[in-house]
Every structure is written in structure tokens, then in C-alpha cells.
Amino acid sequence: SPPLDARAIAARLHKLEGTLYKKVDIKILKDDKNTVITSDMVEKALREQTQKAGALDTTIIFIAGHGVTDAQGSYHFVTADTKIPTAWGEQLNLKQGTSLDWKRLHSILDKTMGRRVVIVDTCQAGEVFSDNKTDIKRLVKDIHDVNAIVYSGTSRQDAGVETYKGGVFTLSMVSGFDGKASYDGNILPFIRLKDYVDKEAPRLNREIMLGLYRGVKIKQKKEEEVNFDSVQKPMAVMPTGMERFIIYAK
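Heads up: the sequence shown begins at 1 in the working numbering, then just goes up one per residue.
By construction, these hints were calculated from the structure, which means they are not laboratory data.
As the structure is a prediction and not an experimental result, all values here were calculated from the model.
Treat the hints with care, since some could be wrong.
[What the hints assert, rightly or not] Subject to a maximum C-alpha distance of 20 Å in a straight line, what follows is the list of computed EDC-like cross-link-like pairs (lysine to aspartate or glutamate):
1) K27 x E43
2) K250 x E207
3) K33 x D110
4) K95 x E43
5) K180 x E200
6) K30 x D40
7) K194 x E243
8) K165 x D40
9) K44 x D101
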């Protein structure tokens, strides 16, 4: 569902032109219709867009798809050219330069002027590094010094949930934009969106898990008996001074 997620977020952000922002410049890279998206393409697009930003501008980077962790615990956004070599059935480190790792993203953010927001809606792909749990806290630590708001759909990448309508995290944000979050008049501070999504994403996740249990006819005496340990829990880091950052407006 990453293409669905990207289009949904782009459509909502486009509505901000003439309300919250004088102009909204959106670029979407999506891998539907047999389009192949490589890590270099993603980096090039990000650099081209962020170089347009001035001191009074806001740059929002939305990433949806698959994420994996290498043997050193570094997070990588998987693209079509990502190479994960194996030996004797074991996955090894990703081939350098074939994924969008956070060092590359950090370099881009560090050169971007104005306010910066990074939204990450990824899940761990298949069995890649299945013994390693990705922790977005490492991502947060790595890019905190670039003074950006970072909002992740989950702190454990293997817990992200997708539906035919899109990712649970993205669906929660969209419904928040559409009025479910608590607006302050006509504006929506990021902290208000976060408060809503932090509750809504786990709620949707639980509903899906219960539906899956019932769908395979596993009897549950009580809802409390379902193991919700893997329910995704969004997390964010907000630099000092950006607590009242306005993320959306009617």
C-alpha cells in the first residue's frame, strides 16, 4: 500500500495551498505501474526538493514502504536496487549504496533550510534480518541534531500493519487531518495530531488483529487474552520550540 499512502498524504498536503502555505510543491516517487524506484532516485528527488526550501519554508518528507536493519543495527529504507547478500542461508550486511540509509537522509536534512518534518511509515520486509528488531529510537538519535520533527508509525518495524486501503499509521494521520484530531480553531498543531494518531493507530491495529483471529476461527474467551505485544505504537521526537508547530489547517 505505499503508493496509496503516498497519494493520500500528497492529496491532503496539496489542500494546504492558499490556506496554511502560499504554495505547495509536491513530488511523489511511487513504484506502482511497474515503475522501478532506486535509492539514488530517491536521494536525487529529496535533494532537488529540499534545495528549493528557504529559511521560512517547511519541508515534509514522507517515506512509506519497507525497512530493514543491518547487522550493526542501522536502519535502511529498502528500494528496488537494495542488495542483501546471503551466505549459508544467513543474511549479511546490505550492499553499500543500494538502500536509503539514515546517513544519506541525515546529510540531506542537514543542508535543508527552514522547518523540517520526517514521517516514516515502513514495516520490516519478509524475513529480512528477522532476528533483528529495528528500533526507530536509533533513527531519532541519529537525526535529532538536524532539528527536525521525526514521526514514526512504530518503534518496532516488524509491527507495522497494512490494509487494502493503506497503512494503519497513514490512515490514522489522514483521518486526523480530516477532522478526527482535535483542531485549535482552524489549525491543527502537530502535538494534537500526534495525540490522536498515537491512540488511533493502536486501536485500528487491535481491531485488525482481532479480525484475523476471528477470521481463522480461533476462539478467544476475552479480548484481553489476545496477545497485543506487537501492536504498533507510533513515536515522535520534537525539537525544543516546535511543540506548537502547525501541521495542518482547514
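Status of the hints after comparison with the structure:
1. Restraint check for K27 and E43: the C-alpha separation of about 12 Å stays at or below 20 Å, so the hint holds.
2. At roughly 29 Å between alpha-carbon atoms, K250 and E207 are farther apart than 20 Å, so this suggested pair is violated.
3. As the CA atoms of K33 and D110 are separated by approximately 33 Å, the hinted pair breaks the 20 Å bound.
4. For the hint pairing K95 with E43, the CA-to-CA distance comes to about 16 Å; that is within 20 Å, so the pair holds.
5. Annotation: proposed proximity of K180 to E200 holds, straight-line Cα distance about 10 Å (limit 20 Å).
6. With a CA separation close to 14 Å, the supplied pair K30 and D40 stays within the 20 Å bound.
7. Among the hinted pairs, K194 with E243 is consistent with the structure: their alpha-carbon atoms are about 11 Å apart, no more than 20 Å.
8. Distance hint between K165 and D40 is unfulfilled; the C-alpha atoms sit about 28 Å from each other, more than 20 Å.
9. With a CA separation close to 14 Å, the supplied pair K44 and D101 stays within the 20 Å bound.
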